[in-house]
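S.K.: Here are the chains, one letter per residue:
2 protein chains.
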Amino acid sequence: MTSKKYVYSYSEGGRQSVDLLGGKGAGLAEMSNIGLNVPPGITITTEACRDYLKNSKFPDGMMDQTLSGLKSIERTTGKKFGDRKNPLLVSVRSGAPVSMPGMMDTILNVGLNGETVEGIASLTGNRRFALDSYRRLLQMFGSVVLGIPKDRFEEKLEEIKSSNGFRSDLDLGVEHLSRLIEAYHRVYSDSGFSFPEDPHDQLTMAIEAVFRSWNSDRAKAYREINRIPDHMGTAVNIVSMIFGNMGNDSATGVAFTRDANTGEKRLFAEYLPNAQGEDVVAGIRTPKHIESLRTEIPDAYEDLVKSAEILENHYKDMMDIEFTIEKGKFYLLQVRKGKRSARASIRIAVDLAKEGKISRKEAVMMVTPETLRATLYPIVKLTGNEKIVAEGLAASPGAASGRLCFSSQRAIELSKKEKAIILIRPETTADDVRGMSVSVGFLTQKGGMTSHAAVVARAMGKPAVVGAEEIRVDVNAGTVSMRGEVLHEGDTVTVDGTTGRVYRGSIPTEEASMQGEGEVLLSWADSFRKLGIRANANTPAEAILARKNGAEGIGLARTERMFLGDERIRIMRSMIMSESTEERKRYLNQLLPMQVSDFTEFFSTMEGFPVIIRLLDPPLHEFLPDKEETLRKLFNLQKNPGDGRELKETERLLSVIRSLEEFNPMLGFRGCRLGILYPEIYEMQVRAIISAAKAVKRTGKSILPEIMIPLVGHENELKLLRERLEKVIHDEMGSDPVEYKFGTMIEIPRACVTADSIARHSDFFSFGTNDLTQMTFGYSRDDAEGKFLAKYVELGILKMDPFETVDETGVGELMRMAVRKGKKSNPGIEIGICGEQGGDPETITFCHSIGLDYVSSSPYRIPVAKLAAARAAISSRKRGQTAG
Amino acid sequence: MTSKKYVYSYSEGGRQSVDLLGGKGAGLAEMSNIGLNVPPGITITTEACRDYLKNSKFPDGMMDQTLSGLKSIERTTGKKFGDRKNPLLVSVRSGAPVSMPGMMDTILNVGLNGETVEGIASLTGNRRFALDSYRRLLQMFGSVVLGIPKDRFEEKLEEIKSSNGFRSDLDLGVEHLSRLIEAYHRVYSDSGFSFPEDPHDQLTMAIEAVFRSWNSDRAKAYREINRIPDHMGTAVNIVSMIFGNMGNDSATGVAFTRDANTGEKRLFAEYLPNAQGEDVVAGIRTPKHIESLRTEIPDAYEDLVKSAEILENHYKDMMDIEFTIEKGKFYLLQVRKGKRSARASIRIAVDLAKEGKISRKEAVMMVTPETLRATLYPIVKLTGNEKIVAEGLAASPGAASGRLCFSSQRAIELSKKEKAIILIRPETTADDVRGMSVSVGFLTQKGGMTSHAAVVARAMGKPAVVGAEEIRVDVNAGTVSMRGEVLHEGDTVTVDGTTGRVYRGSIPTEEASMQGEGEVLLSWADSFRKLGIRANANTPAEAILARKNGAEGIGLARTERMFLGDERIRIMRSMIMSESTEERKRYLNQLLPMQVSDFTEFFSTMEGFPVIIRLLDPPLHEFLPDKEETLRKLFNLQKNPGDGRELKETERLLSVIRSLEEFNPMLGFRGCRLGILYPEIYEMQVRAIISAAKAVKRTGKSILPEIMIPLVGHENELKLLRERLEKVIHDEMGSDPVEYKFGTMIEIPRACVTADSIARHSDFFSFGTNDLTQMTFGYSRDDAEGKFLAKYVELGILKMDPFETVDETGVGELMRMAVRKGKKSNPGIEIGICGEQGGDPETITFCHSIGLDYVSSSPYRIPVAKLAAARAAISSRKRGQTAG
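Protein chains in written order, with the working numbering: chain A, 2 to 885; chain B, 2 to 885.
If you are wondering where the hints come from, they were derived from the structure by calculation, not from laboratory data. Careful: at least some of the hints might be erroneous.
The list cannot tell twin chains apart, which means a pair is met if one copy fits it or any two copies do.
Derived DSSO-like pairs (lysine-lysine); straight-line CA-CA distance at most 30 Å [to be verified]:
#1 358 to 640
#2 702 to 549
#3 388 to 698
#4 317 to 420
#5 634 to 649
#6 728 to 800
#7 792 to 742
#8 221 to 728
#9 266 to 586
#10 640 to 330
#11 162 to 702
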């Protein structure tokens, strides 16, 4: 019976064998196969590791195969493992399928012992080098393989150094090293061990140690954090030792085939002359610029340049290379894809495609949406000395520094002389919008990812940290206490909405802009994607930005945001406090021309593209002042009533607040429920839409308004509203018809379940995944994010925050159902998504897969959405081809 | 070409032809066919009506068939339509498939004119009778057929009466009637009409008028209110006139074959001698007891008794009969199922089965659950003079009178001397439970159908009217203003929780009890039903009641209600305000023995039956005092701080209230989310359950505890809790194992969608349809019921309140999915429902149809639930047979 194959020579492996041979092993094999110079070696498979970990012993045949592989290394190098004259030394290195840098073990110089060390000494003519290599083996083997605490070796080293007054290991001479070797042997015996003099024992034990290191605590923790599966196991590479520390014609270094920071096409490398790889990692000596190598060891330099080019062309990507030069001879020790900055990532992908090395599709697949996104917001440039004074929810990305201001009123005043204001509030309300518009960033003590501050910040594209529960804002005193410090108006902080951190003082930020290569990449993405990309825009200004960023329409214009200006909210409040339908209509008539003007601007801006306008959605109490403040005001007025007029007004206000108060406003009297019970509100809005559309049409521009009803859960809601509002529409059109669509949000579970009936009254569906997620999970986002959601992710109950990425199993299943049922009863129906998740790449991939027509995201996320849509289309086409 | 058949003779119809011939026509045909004496007649079908309404003309052949039918009436009666000597007179009566009493038109005496009236006069020898019949035809025909306003005829009648000083129509002599007939003819000509002298014209026009009356405004409104479909149409019965007003040997009357009030087996009838049917309806004369008929017209009496018996035996039900006696000859004019009181309904069904006239299954199908329910609550006995002082939500059925009391404290004091207390509060909280327990009924100004007051009232089985927004309760002043009146403590009111009305003063109520026949019926129901019936019980007292009412287990014991006593809520609040896990555990340890004692009582009471205990569900802030009151207290303490201790405590309390405050508590930090983040709470509860189970088991009683986790939306929640809690369970069991089940509520849409995964960790599912409905619809019940739900039902958007009866299309679809997926991955899973809807008959039918194992309802609803379950089983078996 022949045993399984557990050991691979280079010629038997290659880049495709990553799972079996690990990244390092596959890279060595690939390099060897394409004719590059790598030190001879073999790779034991991950399967052997898995087998070992399962049965606590090497699988049958593995060691035999290893020894026969070792023989072939001996043949190639002409050296012999354990030979006292010309001994072969090997490194035993871990190498997992997924990179886990520094997490697992490696033992160098295996094969050295009291005898072979002498062989090395005489062969190299460098006794110090030989002894130093030997003591390193003793130290590494002792701690890694036998588990002797490192300290015990370090102590001995320190003893000798201090007794001689040495400061560096390099000061140790032959004598000292000999004494150290003896001391190390004593450490072994004191710990109950003896160093295995037989190189084969060393090898066997080293392999076993590397296998075991897969399950070390730190490796397991790393995998958990990085979501790497536990079952893979590590390969073991046994490679003949190459020494970069054999004199001035030796060296070791790393190289990136392009600039990892900018993406520029130039070799980006550093090296240390007369050094070993671990010296580079240890950072004891400062590496030299690669240009020196050109003059120092010109042949090796040429080899490096040539190898880099070959590898990049071969892998069709920017590569990260480790190399060593032993006595003038150039060896490649490792190759892998090079890590790069977000900016570099885009430039490299575009350049590679332009150079013809990859296709445009491959370029698009090379840049993740997260990478693109990272290039779009200002980021803080940290030195590490910054003081974090608070942490909260990262509600709106980007960073900004400015002076603290505790009220919108003050912010507006200060904005006349002060440019950069950070508005800090316990929480923001409709009253704060003007103050927010003059500020550069926001910080709140309360509220979640959909709190007023968070939503407005994202809409304004300004950084915000919200729900920083640890701080205490005292608006009256104009102070905030943050981690023991009390800050006042005018104190400077930096708000990093990407991380949720707040820093004391001003920290420089790097401004973002879509660069040349980014635009090129996006134009390629546009040619591949199937999904339309629209933007959510609540004001004409946002519509302009959306258009600039390449939106193909507005997927959601929330009309309620239009009622927030000083004058408008006054009218809105009067409307809400109206005591009769007539009074209410009077105020609505005041709002009508304002809405007409909003919509006219919208339609003009979005010429040629559809604009979905959602009729009033939030509960009316959102337009009223805060209850607690009103209560406080009332209590004070009761003590000092003055002429009683203000008291009376406040009492009336409080009674309206109370009557509109709800136990669970999210599930209360809002959306189409309002529209149905107060017909005049939606009627005004629809009239404004048609009137604006007619006005724009008269200017010769084409426009497609889509009227969207929020919060529909029953077909009869939509049916009734459509009948009622189409009367108004036709009345307003008169003899001048305009094209329009009439449709609904799908944001209530029942709407998904009954989508077939609802589709019969609807020209389009737009998924509101925020509310849909809230109701499908039974989570109030504002409450959940502060109270238990983070803990749920931490405990592994949820893989991720379902408000950021659609929950495919639950919410997604309902969406699938809605699409299926909706299209069945109304095949021509247009279906999109306008929740915030519409800008999330994973969600976009999902939306592509269930056959949506478009996604709508924040104007700032449009580039990301386009890229994600293109990648989804390319991946599914690929899968399609494979399947076919 | 022969035309369709539109006209039926009696021998061609029968009881099965109700859709085609209407209720009246089918009854006449059936009676005739079984040999009872009915006046000769024919019936024009509902199809003819539909045809007419569609095309605005009679269908081809209909009038020919009518005339040939008329001929057969002529042959039978020996009279001739339009004959001046021996004229046939007919009534033209509407008769729809579903009874719509008084909604559609009927014309009597068709066939009379200036000539035939003389024939009648001489034939009957009663000229006054003939003229009176003629003027009635003129009046009826004019108003019904031609649409001449009734007033114009009434005016003329009044003129003649007043000019002669008459008070009654009966005072009119031959002379006056002749003058009246002339006056009526003038009314016709003044209105632009002339009375059609030709009897055939009369007939044609009368038929058309009856057809048209199907679509009269009042008929349409009636159908809308009573949910009768619009498409059915009415049949038209043309029946030869029988006159009960031809002397003392003539009479007219109505009879029920059994006592419609008590159900007793005795003829229950009244009659008017020498009168026409319309006189009975008009109520001008007081009818005589049927015993008089036995002596007055003994033959007719015998005929009536015999006919009643025949009809009841034939229809196998209590029947409502109309009869007329013309010159001693007995005629049956109509038969239909008799309306009866709820009590009578049960007695009749049981008696009929005992008499062998129907099967037990038929008896069960004869009593609706609503009927049974109506016999179970006390009902007010109204005289019509009662003063309604308020109306609110009918939150808990039944009625009670008592003296108003404005605080629980006072209620407890007063209860020592005063038995009947009605507790009135703006709204109730946990603090009011003791006060509620000494009161007989509740009235609140705020809150919906799931407000604290409503839920506690239903659990206590006491009447409650909640959310009576129109009243103003001033607790400090101890007054309530109700429709202009100000009431004080001690004033007496009656609360009717069945209708939501509150009356001034004490109104007698009829006490309910399950009567002998009810128990018999239920024992039959038990033998047919498939669904198990459990009860929701929150206290041991309720468990005892549940057992008494026949529950086969507890489907839901909410543990939170157990923390509401004075002492317990104090500990609970301390637990919530704990600043460390240790402190929290200390308080939980104080609660542990109390929980053990609760559960021990539960398990003892429910010996042999399963008891599902739901671990803590509501958000913690529900156990804390009201925020507004605390704020007010704080403001006052800030003015008068005293030694500052109370101020400090109140500040701390407020800060805890604030930290637990939520935007949407229903979707917030509650249920298993609490249990996961504060493991010690559920651990204490589970320990108490197992400890109690062991104690009861030691007494030799068998018991099956089922531990239920609330608000699960993701399988990982259940998986984690099960792993965590089963450790505690096994620890607590030690060497003394007890059998238990571990399962979950299904009350979140996501739980339905992912029921297959969840079922892998669950021994049972229990649908929480209240929360499931809230989340599936996106309705907060407390908000929706006060704000828009009633309007939605009124507008026809919803057919009914989805919180009372499960919404089969939406919520039901998710339930179906959950059952299907749950059983697929765990075929042995036990599935029930414990929402309040579990006691709703329609919901029970649905639960049977989707294959649930049991329903759990309020202890008070168990009889209703049993009946509903039996009816569902019988119906579906029947359908099964038909299908087979």
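S.K.: Please sort residue 162 with residue 702 into within, between, both or neither, judging by C-alpha distance up to 30 Å.
M.R.: neither (84 Å within a copy, 79 Å between copies)
S.K.: Reference check for the pair residue 792 and residue 742, CA-CA at most 30 Å: within, between, both, or neither?
M.R.: Between copies only: 28 Å across, 43 Å inside.
S.K.: Taking 30 Å as the upper bound on the Cα-Cα distance, should residue 388 and residue 698 be classified as within, between, both, or neither?
M.R.: Cα proximity of residue 388 and residue 698: none, with 56 Å in one copy and 62 Å across.
S.K.: From the Cα coordinates, with 30 Å as the cut-off, is the pair residue 634 and residue 649 best called within, between, both, or neither?
M.R.: Both. Shortest intra-copy (12 Å) and inter-copy (22 Å) distances satisfy the 30 Å Cα cut-off.
S.K.: Up to 30 Å between alpha-carbons, please classify residue 702 paired with residue 549: within, between, both or neither.
M.R.: within (18 Å within a copy, 77 Å between copies)
S.K.: First find the shortest C-alpha distance between residue 266 and residue 586 inside one copy, then the shortest across copies, and answer within, between, both or neither for a cut-off of 30 Å.
M.R.: Classified as neither; 66 Å inside a copy, 63 Å across copies.
S.K.: How would you label the pair residue 728, residue 800 (within, between, both, or neither) given a Cα cut-off of 30 Å?
M.R.: The answer is between: 25 Å across copies meets 30 Å, while 48 Å in one copy does not.
S.K.: How do residue 317 and residue 420 come out at 30 Å by Cα distance, when the copy is not named: within, between, both, or neither?
M.R.: neither (47 Å within a copy, 91 Å between copies)
S.K.: Can you give me the call for residue 640 and residue 330, within, between, both or neither, at a CA distance of at most 30 Å?
M.R.: Cα proximity of residue 640 and residue 330: none, with 93 Å in one copy and 88 Å across.
S.K.: For residue 221 and residue 728, with the copy left unspecified, which applies at a CA distance of at most 30 Å: within, between, both, or neither?
M.R.: between (65 Å within a copy, 25 Å between copies)
S.K.: If the cut is 30 Å between Cα atoms, do residue 358 and residue 640 qualify within a copy, between copies, both or neither?
M.R.: The answer is neither: 80 Å in one copy and 79 Å across copies each exceed 30 Å.
Violated hints, in rising order: 1, 3, 4, 9, 10 and 11; the structure is consistent with all others.
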